[in-house]
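Chemist: Residue numbers (the working numbering), protein chains in the order written: chain F, 1 to 178; chain E, 1 to 573.
Keep in mind the hints are simulated off the structure, nothing from the lab.
Glycine included, every Cβ here is placed at the ideal spot set by N, Cα and C.
Any given hint could turn out to be false.
Unchecked claim - Looking from chain F toward chain E, a few residues come up when the C-beta cut is under 7 Å (computed):
#1 G27
#2 Q69
#3 K72
#4 I77
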Amino acid sequence: MTLAASPHHILTVTVENKPGVLSRVAGLFSRRAFNIVSLAVSPTDDERFSRMTIVVDAESAPLEQVVKQLNKLIPVIKITEVPPAEGVERELMLVIVKAAAETRGQVTELTAIFEAKIVDVGYDAMTIMVVGEPEKLDAFSDLVKPFGIVELQRTGRIALPKLARESTRLRSVKTARA
Amino acid sequence: MKLTGAQALIKSLEMEQVEVMFGLPGGAILPVYDPLIDSSIRHILVRHEQGAGHMASGYAHATGRPGVAMVTSGPAATNIVTPLCDAYMDSIPVVVITGQVAYSVIGTDAFQEADTVGITMPVTKHNWLISDAQDIPRVVREAFHVATTGRPGPVLIDLPKDVANAPMEWYWPEKVDMPGYKPNVKGHPRQIKDAAKLINEARRPVIYAGGGIMLANASNELRALAELTGLPAVTTLMGRGALPDEHPLCLGMPGMHGNFTAVTAMQKADLLITLGARFDDRVTGKVSTFAPDAKVIHVDIDPAELGKVRLADVPIVGDLRTVIDEMIKALKSERSKQDPPDLAPWLATIHDWQERYPLKYRQEEGGPLKPQFVIESLRDNTPDDCILVSGVGQHQMWASQLWKFKLPNTWVNSGGLGTMGYAVPAAVGAKVGRPDRMVWAIDGDGCFQMTAQELVTAASERIPVKIAILNNAYLGMVRQWQELFYEERYSEVYLSPDLPDYVKWAEAMGCVGMRVDTADDVVATIEKANEIDDRPVVIDFRTDWREKVYPMVAAGSSNDDIILGPEFGEGGR
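Construct the complete structure from the given sequences, taking the supplied hints into account.
Modeler: Set out below in structure tokens:
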């Protein structure tokens, strides 16, 4: 089973933007033997805070313990769980694929199918950027593997909850259109 | 008003009503030791930084107020890691201040530089590295707030030398503003009602009272709850004294070396009313077989404790004092609607266990001195409010089993971390905090050798603590395990009764040293020690090395398989 498909929880954690916060969060995970699948840290629109998107291996620890222990960290302001079915998840991958003249066409074709982008071209390799759901990235890397992967990097996923569809305003818009 | 960072730190500690601190100066903390001369704060100069940390912890145990320790950077900071971890495990409010190399050279491997904040992150409730002198009053205010509220615990402030020397404009923050720290103190009313309902339906209820009772200052409330419906209560190693041992509903200590009744009452219970306890492995034995028929009410101020080891049927987050009070009210209203089952058969079963399986040992006339006999003699010849301190090992278990605690906060020991060497410095800290009380430490010979040098501190500061060494010439608890579980293959556990010579050592440290070899001399020597009030006393009790702690539940076993010991005949049951 690939990482993206294994049972996991996604937590988006708002933390104070202070030195050492990442270390506190990472330290907590290692001390309590919780496994991190991926971790992405980014600034938010408010410079006092950062947002961490933490994907936790669901089998290593009960989610409730992870959330409760995280909440005890003083720089942690807010924790939102995004159940995989109810969230929009995206991840970015950069991959250098061997692409000599005879295979370049096939690699380019795959890139097109995946709506990926060639961001750098060398003599016998290309760097391709793929954005999408983690499963899509898994699929792409599986497919280009036979050509030879030189290097591969993924950002780790970020996620936000799906928006409610039942907004009264949207419903009225729909009705108007119909 | 312009102050230096160092002056601001001392002034902030005064604002927090710190009366005493334990510490040892060094390079990076030098600037702070200068304004200390002019401060109202009493400083006790320790001989090792570990001593400062445990003293702060002993002080906090005995007074309920935060203990403060201050040491320098690097090796001093690493020496205080053990006390921090110890206080973290037992939720003791301790504030540690460490010096740090100048902020401008952090990261260059400067002399006596260590990543103190990084090292202590997992063993503190929170810690701070101060980069601007202007932050000092705010950080000190936050540090004391964090240490003493919610689930208490140790905190650390790391102060670089250049920050201590930098100027700042003095202020004192009126309130703490920490958006990520808001402990929930008030229990959920519906959960409390559900708890009352469960209590009112239970036929075999047991209160499982832990150290949280002491931390929440809730022993009166606990007693009221127990007495309201006649609920029997066990008091854990950290909770000893939460309910007086002579109270008819107090069953004493549960766990690996708990008495038969406390262990078995929990095993057979249909309801555990868990108050400020955390289902420690030393209490539960094998978790999957622990109290199999019991529903669980679990009250704790730390939400993460609820469901961590054992799922609670009714989890309640809140301050124990408030929650128990509310629980009593809810229980009264519940009882007005529905009569509870008669608890008399359950209490009769418990009394029957108490009579059949008491704690047993035999002090033979002219035979080797039994450690239990020493503890009971000490218990019977000290005042009711005497503070008892212990190290870690056999002596600790015997002390906890046999002492009759009459008041909360009279038992100071290292529970969670099991820190050998805790007793001497913790006793010093307790005595500093409660100079009006008699303070006795029961220590093992192995433990004593780890931190005995703090008796030099005690002697020079005229802190008259009393230490009873139960000298069996062994690392006794390890020896016991090797005897029982490693086919008597004794590996590195023998210490010798005469090396060191404890009496001479005590005298060299400015204490009175005495030695007792026989049971006949025990009481007279204790009485002599009780009369000495101008210096520490050390008594070297030469005890029987064969004696083991019973009852015992072997590690990883079910509490149903409790071993009572040789006094109960073949296999001890």
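Chemist: Would you mind marking each hint as holding or not holding in the structure?
Modeler: Hint-by-hint comparison with the structure:
Checking G27(F) against chain E: minimum C-beta separation of about 5 Å stays under 7 Å; hint holds. Residue-level restraint check for Q69(F) holds (minimum Cβ-Cβ distance to chain E is 5 Å; threshold 7 Å). The criterion of a C-beta within 7 Å of any C-beta in chain E is met by K72(F), whose closest approach is roughly 6 Å, and the hint holds. With 7 Å as the threshold, the beta carbon of I77(F) comes within range of chain E, its nearest partner Cβ sitting at about 5 Å, so the hint holds.
The structure fails none of the hints (numbered hints given earlier).
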